[in-house]
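Q: Sequence:
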Amino acid sequence: MSERNMPGRLPPLNALRSFDAVARRGSILKAADELGVVRGAVRQQLNLLEAYFGVPLFERENGRLVLTAKGGAFADSVGIAFGILARAAAELSEGGRRVLRLGVPSAFAVWWLMPRVADLQAALEGIDIDIVPMATVEPLARRADLEAVIMGGEYRPTRDITAIRFMEDEFGPVAAPDVAARLVLGTGVAALAGAMALGSRSAPSLWDDWFAESGHAPVRFAAKREFEDLLLAIGAARSGLGVAIAPRTAVGDDLGRGTLIAPYGFIRRPAGYSLSIRSSDTKDPALVRLADWLSGAGAG
Numbered sequence: 001m002s003e004r005n006m007p008g009r010l011p012p013l014n015a016l017r018s019f020d021a022v023a024r025r026g027s028i029l030k031a032a033d034e035l036g037v038v039r040g041a042v043r044q045q046l047n048l049l050e051a052y053f054g055v056p057l058f059e060r061e062n063g064r065l066v067l068t069a070k071g072g073a074f075a076d077s078v079g080i081a082f083g084i085l086a087r088a089a090a091e092l093s094e095g096g097r098r099v100l101r102l103g104v105p106s107a108f109a110v111w112w113l114m115p116r117v118a119d120l121q122a123a124l125e126g127i128d129i130d131i132v133p134m135a136t137v138e139p140l141a142r143r144a145d146l147e148a149v150i151m152g153g154e155y156r157p158t159r160d161i162t163a164i165r166f167m168e169d170e171f172g173p174v175a176a177p178d179v180a181a182r183l184v185l186g187t188g189v190a191a192l193a194g195a196m197a198l199g200s201r202s203a204p205s206l207w208d209d210w211f212a213e214s215g216h217a218p219v220r221f222a223a224k225r226e227f228e229d230l231l232l233a234i235g236a237a238r239s240g241l242g243v244a245i246a247p248r249t250a251v252g253d254d255l256g257r258g259t260l261i262a263p264y265g266f267i268r269r270p271a272g273y274s275l276s277i278r279s280s281d282t283k284d285p286a287l288v289r290l291a292d293w294l295s296g297a298g299a300g
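Numbering (the UniProt record's numbering), first residue to last: 1 to 300.
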């Protein structure tokens, strides 16, 4: 029996770390920066791992490294394994007290989760919740350091990831009252053609989704401006820069105060918000309590 196929023998840990980093970051350079090594060292570890298994884990497409089908499946499992190790190490360093690291879109954290965080912490008595804001939301499969991630929009979980939907979503265009009056937005959606459309790189498809799901024909905006985060786009709309597309939960206070108006109302977005966890963790008592609390708070 060859050494490569000996039962229970694991590949070299450094090779697995390099593979995991490249799979998550999609780049040898970014993986090398994360690991604090040179690119050649990462390439060497990838070559070692492919030689160990005797199958290619990556292929090149237009100059980019792309996981093969077998490489993708293995990357999911490696990510889960490193996540388990990271959690065990954190619990050991904390003297056994459980810490849940939850990735949350930064805008969603500010407008919905943080006002409820005291209730969340009370529901998770004995467990510390570490909320990690994410300006650019990454799927859980790419974040071995997190135990769960809140995802919005049309997210489709990958193999080994379970998505638990806990809240519906409504979204629509919003603008400051003087901007809405100047553009005469009340006359119909066609009036948006005179507006600067405000969007965000953290939720880049919101405008396209709104036109598609509302049944209105898309318009050609006078100008577009994209911000790093949805919170910035909403702030720009509040200041009168243009018209933003936003979830209703994000602008409820603005609508109540009259600093923003929604000239076309809001439409329901079927996907809503989901808690994504690793399928191997679906019976974890702490994550079950988190999912139950989110479901209750989201229905309220």
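Simulated from the structure, these hints should not be mistaken for lab results. Idealized CB from N, CA, C, for every residue including glycine. Careful, some of the hints might be misleading.
Said to hold, decoys possible - Label-pair ranges, simulated between beta-carbon atoms:
| no. | residue 1 | residue 2 | range |
| --- | --- | --- | --- |
| 1 | Arg97 | Pro133 | 42 to 52 Å |
| 2 | Asp130 | Glu213 | 19 to 29 Å |
| 3 | Leu85 | Lys283 | 33 to 43 Å |
| 4 | Gly265 | Ser295 | 23 to 33 Å |
| 5 | Val184 | Gly256 | 19 to 29 Å |
| 6 | Pro133 | Gln44 | 28 to 38 Å |
| 7 | Lys224 | Pro133 | 21 to 31 Å |
| 8 | Asp33 | Glu168 | 31 to 41 Å |
| 9 | Gln44 | Ala190 | 52 to 62 Å |
| 10 | Gly36 | Ala190 | 50 to 60 Å |
Q: Does each hint hold? Answer for all of them.
A: Evaluation of the provided hints:
| no. | hint | in the structure |
| --- | --- | --- |
| 1 | Arg97 <-> Pro133: 42 to 52 Å | violated (22 Å) |
| 2 | Asp130 <-> Glu213: 19 to 29 Å | violated (34 Å) |
| 3 | Leu85 <-> Lys283: 33 to 43 Å | violated (19 Å) |
| 4 | Gly265 <-> Ser295: 23 to 33 Å | holds (26 Å) |
| 5 | Val184 <-> Gly256: 19 to 29 Å | holds (24 Å) |
| 6 | Pro133 <-> Gln44: 28 to 38 Å | holds (35 Å) |
| 7 | Lys224 <-> Pro133: 21 to 31 Å | holds (25 Å) |
| 8 | Asp33 <-> Glu168: 31 to 41 Å | holds (39 Å) |
| 9 | Gln44 <-> Ala190: 52 to 62 Å | holds (59 Å) |
| 10 | Gly36 <-> Ala190: 50 to 60 Å | holds (54 Å) |
Checked against the numbered hints above, the structure violates hints 1, 2, 3; every other hint is satisfied.
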